[in-house]
Each structure stands twice: as C-alpha cells, then as structure tokens.
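With the hints as constraints, model all of the structure from the sequences given.
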Amino acid sequence: AQKVTQAQTEISVVEKEDVTLDCVYETRDTTYYLFWYKQPPSGELVFLIRRNSFDEQNEISGRYSWNFQKSTSSFNFTITASQVVDSAVYFCALSEVFTNAGKSTFGDGTTLTVKP
Amino acid sequence: SAVISQKPSRDICQRGTSLTIQCQVDSQVTMMFWYRQQPGQSLTLIATANQGSEATYESGFVIDKFPISRPNLTFSTLTVSNMSPEDSSIYLCSVLPGRDRSSYEQYFGPGTRLTVT
Numbered sequence: 001a002q003k004v005t006q007a008q009t010e011i012s013v014v015e016k017e018d019v020t021l022d023c024v025y026e027t028r029d030t031t032y033y034l035f036w037y038k039q040p041p042s043g044e045l046v047f048l049i050r051r052n053s054f055d056e057q058n059e060i061s062g063r064y065s066w067n068f069q070k071s072t073s074s075f076n077f078t079i080t081a082s083q084v085v086d087s088a089v090y091f092c093a094l095s096e097v098f099t100n101a102g103k104s105t106f107g108d109g110t111t112l113t114v115k116p
Numbered sequence: 117s118a119v120i121s122q123k124p125s126r127d128i129c130q131r132g133t134s135l136t137i138q139c140q141v142d143s144q145v146t147m148m149f150w151y152r153q154q155p156g157q158s159l160t161l162i163a164t165a166n167q168g169s170e171a172t173y174e175s176g177f178v179i180d181k182f183p184i185s186r187p188n189l190t191f192s193t194l195t196v197s198n199m200s201p202e203d204s205s206i207y208l209c210s211v212l213p214g215r216d217r218s219s220y221e222q223y224f225g226p227g228t229r230l231t232v233t
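Top line first, the protein sequences correspond to chains A and B. Under this note's numbering, the first residue of the first sequence is numbered 1, with each subsequent residue one higher. Under this note's numbering, the first residue of the second sequence is numbered 117, with each subsequent residue one higher.
Honestly, I wouldn't trust all of these hints.
What the hints assert, rightly or not - Stretch by stretch, here's where chain A covers chain B in the computed footprint (C-beta under 8 Å, at least three residues):
1) 156-162
2) 207-213
3) 221-232
Unchecked claim - Covered stretches of chain A (in silico footprint by chain B; criterion: 3 or more residues with CB under 8 Å from a CB of chain B, positions within the stretch not fixed):
4) 40-46
5) 97-103
6) 107-114
Rather than coming from a laboratory, the hints here were simulated on the basis of the structure. In this text, a Cβ means the ideal position worked out from N, Cα and C, and glycines have one as well.
In structure tokens:
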C-alpha cells in the first residue's frame, strides 16, 4: 500500500528565513508520481509540482525548490527567503501509475506559518 | 490541462437531508475521483467515478451514503446522503485527463465546503 509521511505537523519561521518541508513515501510500484500542493486559508488546493519516479533531477522554481531522493524515498520542499504569503498548509501526495492508477495518497500536511 | 468547476461552492445543510455536488470539467477526461477533507485533516479518497458504471468505493465509504454518478466524460455528481455533522467537510473532485500514463497530470476542483448543522 502506498503511504506518505509528513513528520512536521507545524512549522513557524520568521520572514526571509529558509524552510524545508519533509516528505517521505512508501510504495511498491516502480512507476509513480509525487506532488506538492499548497492549501492557503481560503481552502483551494494549489498545485505546485509533479515529479515522476524516473526523474530524480532537483527542480527550482523561483523561491521554491524540490529535492527528490529515491534512495531515501524522500521528496522534500524548500522555500527560500520565506514570505508571509507562503503561510498555508502544504501537502505531499503520491500516485502509483499502475497499481492504483490515479488515486492519490496524501500526507497529513504541514502547516507553515511565516511571521513578519 | 483541465479546468474543473464544482457546484455549490459551499452550503449549510440540516442533518438528515442530502446534498448533491456537481463536478464539471471543460474537456473529456479519463478518470474522475471524489475526495473528502474533514476539518483540519488531510484529503481522503472516497471513490473513483466510472463512466457508465457503478463507482468504485474506497474502504470506509459506501454507495448508500455517497452515491456517485458519471453520465459522461466531463461530468460527475456526488451525493452526501442522510447527513450528520460528521459529514462537514470539503469535498473535492479530481480528474486525470489523459490515457497516457507517462504524462500524468492530476487536477483538483475548487472544492465544496459543506457544513451540517
């Protein structure tokens, strides 16, 4: 069965600090996708990134970066120079392509609070 | 890409009543799913909406409580039946547009925020 663990329930930082959100996953499939979503207080789910299991190249998008390490089954998310607008709940999710096609398993989420 | 709309966006309902949530996609999609997010919790998959056949439910969810329809490739409904306060949640529709598993793009609707009093 697939499983996603976000060990950090809540993180609080001061604006401009860097912060890393951890995500560890379990799957028996060799082909899968990993996702990060942001859920601001307004409630909508905002897609941030999708990464397939064959692409271990790290990705940077502005202040956001993702570190995918298959060897440790981790897909961590770093926000550089955090801003108050980054305050939200962040979810990591896993989708197995074949065994449970299309069904995403979500972690419990990490609530990030960025203080001015 | 796929643009998803849900109706209603929010509702307040009395216990014992039922609410039907609609999910409309702007293009034909291969797979459609319904998720639930209880207050302060993560997202949990309710069921896969199958076009032209009965939905496939996850453990802990049953058709009598959450009947689902999917009459075509762009539309689905989820009904929350005989509601109780424990059904207060955000209900999200999700789609997987393509058949090509190498380009795996999953999209979520804006959600329906349900409060049961």
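To see whether the hints hold, each was checked on the structure:
{"no.": "1", "hint": "156-162", "verdict": "holds (count 5)"}
{"no.": "2", "hint": "207-213", "verdict": "holds (count 3)"}
{"no.": "3", "hint": "221-232", "verdict": "holds (count 7)"}
{"no.": "4", "hint": "40-46", "verdict": "holds (count 3)"}
{"no.": "5", "hint": "97-103", "verdict": "holds (count 5)"}
{"no.": "6", "hint": "107-114", "verdict": "holds (count 3)"}
When the structure is compared with the earlier hints, no violation turns up for any of them.
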